[in-house]
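Order-wise, the sequence lines are chains B and F. Residue numbering for the first sequence follows my numbering, beginning at 26 and increasing consecutively. Residue numbering for the second sequence follows my numbering, beginning at 167 and increasing consecutively.
Derived by calculation from the structure, the hints in this document are not laboratory data. In this text, all values refer to a predicted model and were calculated from it rather than measured experimentally. The beta carbon of each residue, even a glycine, is placed where N, CA and C say it ideally should be. Warning: the hint list may mix true and false statements.
Distance condition first, Cα-Cα at most 35 Å in a straight line; then the derived DSBU-like pairs of lysine-lysine [to be verified]:
#1 B:K103 <-> B:K80
#2 F:K231 <-> B:K132
#3 F:K173 <-> B:K132
Far from chain F, by Cβ distances over 12 Å, these chain B residues were calculated [to be verified]:
#4 S37
#5 S53
#6 F89
#7 A96
#8 K98
#9 S107
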Amino acid sequence: AQTVTQSQPEMSVQEAETVTLSCTYDTSESNYYLFWYKQPPSRQMILVIRQEAYKQQNATENRFSVNFQKAAKSFSLKISDSQLGDTAMYFCAFMAGGGADGLTFGKGTHLIIQP
Amino acid sequence: SAVISQKPSRDICQRGTSLTIQCQVDSQVTMMFWYRQQPGQSLTLIATANQGSEATYESGFVIDKFPISRPNLTFSTLTVSNMSPEDSSIYLCSVHSGQLYNEQFFGPGTRLTVL
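Just chain F, same shape as in the assembly (with noise of 0.2 Å):
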């Protein structure tokens, strides 16, 4: 299994400001994954982090909202710009494991207050 962590773990912002979450790997992988977990819900996949192209996003989430960074095969960064209280949430990045991509593994998640 992956190793994976995340900065930082919490925090606190002020509405209209934009904060960076850093994902950090333990070994090479292919893709890497952002999710939201609204309070007192269920995840649900902001976007797709592949290395040397650009993230793809799902429906209801875009680019200039959530940019995504992917330098490396061990790193990646989501930023949540122009924040709001509606943004307050858990955010989790992810990568596949194992010979045939058939497991995930969660970082430890950054919880997000917006004021």
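Bound conformation, chain B alone (with noise of 0.2 Å):
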């Protein structure tokens, strides 16, 4: 069974500043993917960036990076020029790979983006 922690319940920074969210995880899985949602006060939840475990090089979307170490199982997303609309809680999340499996999710990062 894999496990995904997310060790900052709460943060908050100012609009246009730069964030990083932490997440580490564990897994005997060699193939997998990790994911950050973002779930607004709408409670729908929005993919924001993936990151296949074979692929060296850090995935981006925009204003949204992540820093990827396989080694140290470490899965932090950098958001740039934050913004208000950044406001959410942001789940960190694990998937086997092969497609059968679901998601297994971290306890969540509540960001607050002031003004």
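Got two chains here, separate frames each, mind docking them using the hints?
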């Protein structure tokens, strides 16, 4: 079984600043995927970014990028030029490869962007 | 990406009753997943529903409490049976998408309150 740990229950930064959310995981799988999801107050789960474990290059999506350290089993999310609309719960998630499994989520980080 | 709808969006129920939640996807998918998000908590996988076979339940979840139907490749239902206040949660369905099934997309969720 795998575990996902997010050690920051809440973070607060000023608008336009850069913020990094931490995530570590534990697994014996060799083929897997890692995700960051955003859940605003509307409760809709929104996929922010995905990382394939076999790829060494860190994934980026506009202002969002990850620092994937496979040996350390670390998967942090960096949000650049933060915006008020980034205020939300952020969940780190793990999925074993093959497509048959669901996601294992961390406890989440509540990110607040201050004006 | 897949477009997923859920009905109802929210409900308030009396203890001892049952509620069936519907999940509809705009494309055919092999696997559908049901998650529970208790108040202020992360998401926990309840079960995986494949068309034409029995659902697979995660540890701590049983078919008598959470029966699932999967009559075709675009639809599934989750029933929360004999409800108690502890069942008050958001229930979300999700599906794999992408050629490699390496993304999961979520429905908007059903907010259930049990009195």
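Now for the hints, and whether the structure bears them out:
1. B:K103 <-> B:K80: With a Cα-Cα distance of about 18 Å, the restraint between K103 of chain B and K80 of chain B holds, given a limit of 35 Å.
2. F:K231 <-> B:K132: The given pair, whose Cα atoms are some 25 Å apart, holds under the 35 Å limit.
3. F:K173 <-> B:K132: holds, 26 Å
4. S37: At roughly 18 Å from the nearest Cβ of chain F, S37 of chain B sits farther out than 12 Å, so the non-interface label holds.
5. S53: holds, 18 Å
6. F89: holds, 15 Å
7. A96: holds, 22 Å
8. K98: holds, 18 Å
9. S107: Nearest chain F Cβ is 22 Å from S107 of chain B, so the label holds.
Checked against the numbered hints listed earlier, the structure breaks none of them; every hint is satisfied.
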